[in-house]
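Generate the whole structure from the sequences, applying the supplied hints.
There are 2 protein chains.
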Amino acid sequence: MIMNAEIITIGDEILIGQVVDSNSAWIAEALNGIGIRVVQITSISDTSDAITNAMDDACLRAKLVLLTGGLGPTSDDITKKTLTEYFGCQLVKNEEALEQITEFLTSRGVEMNEFNLSQAMVPDCCRVIPNRFGTAPGMWFQKEGIDIISMPGVPYEMKGMMRGTILPDLKKDYNLPFIIHKTILTQGIAESHLARLMKDYEAELPEDIKMAYLPSPGMVRLRFTTSGPDKKILENKLDKAVKKLNSIIPEYIVGTEDEKLEKSVGELLVEMGSTLSTAESCTGGSIASLITSVPGSSRYFTGSVIAYSNEIKKNILGVSSSNLEKHGAVSEAVIIEMVKGVRELYKTDYAIATSGIAGPEGGTDEKPVGTTWIAVASGKQVIVEKYQFGDHRNRNIRKATLTALNMLRKLILAEK
Amino acid sequence: MIMNAEIITIGDEILIGQVVDSNSAWIAEALNGIGIRVVQITSISDTSDAITNAMDDACLRAKLVLLTGGLGPTSDDITKKTLTEYFGCQLVKNEEALEQITEFLTSRGVEMNEFNLSQAMVPDCCRVIPNRFGTAPGMWFQKEGIDIISMPGVPYEMKGMMRGTILPDLKKDYNLPFIIHKTILTQGIAESHLARLMKDYEAELPEDIKMAYLPSPGMVRLRFTTSGPDKKILENKLDKAVKKLNSIIPEYIVGTEDEKLEKSVGELLVEMGSTLSTAESCTGGSIASLITSVPGSSRYFTGSVIAYSNEIKKNILGVSSSNLEKHGAVSEAVIIEMVKGVRELYKTDYAIATSGIAGPEGGTDEKPVGTTWIAVASGKQVIVEKYQFGDHRNRNIRKATLTALNMLRKLILAEK
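Those protein sequences? They're chains U and F, same order as listed. Position 134, counted from 1, in the first sequence is what the numbering used here calls 134; the numbers after and before it change by one each time, with no gaps. Each number in the numbering used here comes from the position in the second sequence (counting from 1) with 1000 added on.
Derived by calculation from the structure, the hints in this document are not laboratory data. For every residue, glycine included, the Cβ atom is placed at its ideal position computed from N, Cα and C. Fair warning: there could be bad hints in the mix.
Below, simulated DSS-like cross-link-like pairs (lysine-lysine); rule was C-alpha separation at most 30 Å, straight line [to be verified]:
(1) F:K1347 / U:K326
(2) U:K81 / F:K1199
(3) F:K1093 / U:K199
(4) F:K1314 / F:K1347
(5) F:K1244 / F:K1210
(6) F:K1081 / U:K182
(7) U:K159 / U:K171
(8) F:K1244 / F:K1232
(9) U:K210 / F:K1159
(10) F:K1326 / U:K347
(11) U:K340 / U:K386
(12) F:K1244 / F:K1171
(13) U:K314 / F:K1347
(14) U:K314 / F:K1143
(15) U:K367 / F:K1263
(16) F:K1314 / U:K347
(17) U:K93 / F:K1199
(18) F:K1171 / F:K1237
(19) U:K314 / F:K1380
(20) F:K1314 / F:K1340
(21) F:K1237 / U:K347
(22) F:K1232 / F:K1063
(23) U:K380 / F:K1314
(24) U:K159 / F:K1210
(25) F:K1081 / U:K199
(26) U:K340 / F:K1347
(27) F:K1326 / F:K1340
(28) F:K1143 / F:K1172
Which residues of chain U face chain F? A partial, calculated answer using Cβ under 8 Å [as the list claims (entries may be wrong)]:
(29) E13
(30) I14
(31) A25
(32) V38
(33) T106
(34) N113
(35) N116
(36) Y174
(37) P177
(38) A190
(39) M272
(40) P295
Below is the structure:
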């Protein structure tokens, strides 16, 4: 039997659009990973009425309710008080929580004050969930066979509790099935035309496999989902469905949604014992920043030259004045000099270079905003591509960053 | 009177964590902008039961219900069918919608098929909302004084409808007040200690101003919210509250939400006619990436040397081998050479340098994970600080990035 869960996020910052609720997606994925299905996510205001009503509703639909937010030390944090009243219990000083708070603050050289002290007060009808990354303890309540868990809204504190206590304990306490998803990426065909090609295929799909279309600019993802007690059987079932799809729309399938690009590129480089550097103009350090977000990236990444100005392109990367004058910084001639220049200067096996017009200004008729040259180089070859992205500065930077990493991935795979 | 709204997002991709619901934050901010308050955001599955129940609940609390998702041409899109039944009406071919779909497909050279044709079928009890960016028409229902609006989940299609029809029409149809937020950014003080300094201030804040603490890595944001019929009065009220805050915690305030740190630093540099470069080790391009996220940053930012390896620190930035050997890369001696090196190499007025142990590996007893040296330099001086951040790699990078930018801001202000 699949266990149904609901997530309730508490905080006006979500309701006014100041913060995007990324916690819920993380929690949902983590719960799916241990065989629990999320049936509703609800974001509500920091008021005790809203919390109480949302709890009542969720308990009608789910056996597990996870709350985030409103556990901070300040006056606008009312979740703990509301839950204490909701469950009809008392706030008492919890020695275990006090010890953790003291330890946490001491390790950071912060003095304990009365606001921190108040965080060690916990309802006497819940189990305390340790918080290794902050001062607000989590709370685990049980009521009429329903588990109700309250966590801080700060993402890394919440994730620490989920990983350290909640996920392992749920797995231990309940006999949970497996939920398996597989997502296929298609490119070069509109959703409606894909649906037409796949009409018979969809009709013949086993009933316990659910399929969904997820369109996004330039790409339609197809997600397959199934669940059951035997992981191996489920995986075989999905593999079979995907294999059959491969025979129907082979020309549109470009891959699966696997691990993050920056991580898989890093793993490839480690595997090859190779090194990487980047020369970034329009991406302004975004590629380097993504690469170095991966732990251990110093094993293969030596660094970058961020060459925002033409002077730096010339003086550091050795781009020729004549090419800059004749073709401009956003050109094939210059991107080739940039990628070769950084690869030589930083003495790496591979290199990436970007030069483009991120916008909103700087576009011309010939080179409108979004025009972007990307090059990747190895000792054997330089591959250059020109892209025309959109109008939006930060989306252009993001697209160029991911595209460049993917070009490098393909180059490494081809030379492997 | 403030109008209460709810947002319902339909789609399993959110409930399994495959997609982060960024639509709701955008819609909430847009509604706030015309004086409508969002009281709940609910994400549900693609089932007619879930949609019907969520609609029933939302109509009890709100006068405006906005739905996104489930309007595509494929079999898993069931919102239109469900709403047609919910309102007890019939699907009929809508000529206006058909014309728009035909035009949209023609402009993209895509052939119309039966899936697209089915999108021109619309319930006969709603007003059609034109979709300039896709094939799914929006639907505007009214029932017992409640407006219920269904939009596609594809962000740019949804945004097109909101901007083109929904926001202007809501403004026209209702006499809406103003909702004003102002967010102050503070840096260098923990939330609990900020709360302590601000205890009296909070108690004296006018009752119609709501204040909230929003902690995030390296920063605590303070959000002030008020609403009423006269925008000028509201703005004056918030300005007064912020001015008073300025006299209580001047050393911790680094900007406002509309005036992000990277933007205010950029404006300072433009004002001074000065230029900036960075030499980044542990931040790996994150500072450069943040600086170049600001449009027009090429006016003052020449670029960076990302020196992840010691070789690059030596060969490009001119850090001495003896200092690297004697003190290590994460040291005062090396950070000073880095900041001076990049400032000279890139010929800029100001420079920033970072060197630290981001983690999770690489820490020692003497220099545990989180140890970070940051330097900022002008022509007159070099300011160096050592920080002890936490255990978490990407949080450490983020903290070092914001702290470095703030150190530069203070240096520029001091020399101004």
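Against the structure, the hints come out as follows:
no.: 1; hint: F:K1347 / U:K326; verdict: holds, 25 Å
no.: 2; hint: U:K81 / F:K1199; verdict: holds, 19 Å
no.: 3; hint: F:K1093 / U:K199; verdict: holds, 23 Å
no.: 4; hint: F:K1314 / F:K1347; verdict: holds, 18 Å
no.: 5; hint: F:K1244 / F:K1210; verdict: holds, 15 Å
no.: 6; hint: F:K1081 / U:K182; verdict: holds, 27 Å
no.: 7; hint: U:K159 / U:K171; verdict: holds, 16 Å
no.: 8; hint: F:K1244 / F:K1232; verdict: holds, 18 Å
no.: 9; hint: U:K210 / F:K1159; verdict: holds, 29 Å
no.: 10; hint: F:K1326 / U:K347; verdict: holds, 25 Å
no.: 11; hint: U:K340 / U:K386; verdict: holds, 17 Å
no.: 12; hint: F:K1244 / F:K1171; verdict: violated, 34 Å
no.: 13; hint: U:K314 / F:K1347; verdict: holds, 13 Å
no.: 14; hint: U:K314 / F:K1143; verdict: violated, 66 Å
no.: 15; hint: U:K367 / F:K1263; verdict: holds, 26 Å
no.: 16; hint: F:K1314 / U:K347; verdict: holds, 13 Å
no.: 17; hint: U:K93 / F:K1199; verdict: holds, 23 Å
no.: 18; hint: F:K1171 / F:K1237; verdict: holds, 24 Å
no.: 19; hint: U:K314 / F:K1380; verdict: holds, 27 Å
no.: 20; hint: F:K1314 / F:K1340; verdict: holds, 13 Å
no.: 21; hint: F:K1237 / U:K347; verdict: violated, 59 Å
no.: 22; hint: F:K1232 / F:K1063; verdict: holds, 27 Å
no.: 23; hint: U:K380 / F:K1314; verdict: holds, 27 Å
no.: 24; hint: U:K159 / F:K1210; verdict: holds, 29 Å
no.: 25; hint: F:K1081 / U:K199; verdict: holds, 19 Å
no.: 26; hint: U:K340 / F:K1347; verdict: holds, 23 Å
no.: 27; hint: F:K1326 / F:K1340; verdict: holds, 19 Å
no.: 28; hint: F:K1143 / F:K1172; verdict: holds, 19 Å
no.: 29; hint: E13; verdict: holds, 6 Å
no.: 30; hint: I14; verdict: holds, 7 Å
no.: 31; hint: A25; verdict: holds, 4 Å
no.: 32; hint: V38; verdict: holds, 5 Å
no.: 33; hint: T106; verdict: violated, 12 Å
no.: 34; hint: N113; verdict: holds, 5 Å
no.: 35; hint: N116; verdict: holds, 5 Å
no.: 36; hint: Y174; verdict: violated, 19 Å
no.: 37; hint: P177; verdict: violated, 15 Å
no.: 38; hint: A190; verdict: holds, 5 Å
no.: 39; hint: M272; verdict: violated, 17 Å
no.: 40; hint: P295; verdict: holds, 5 Å
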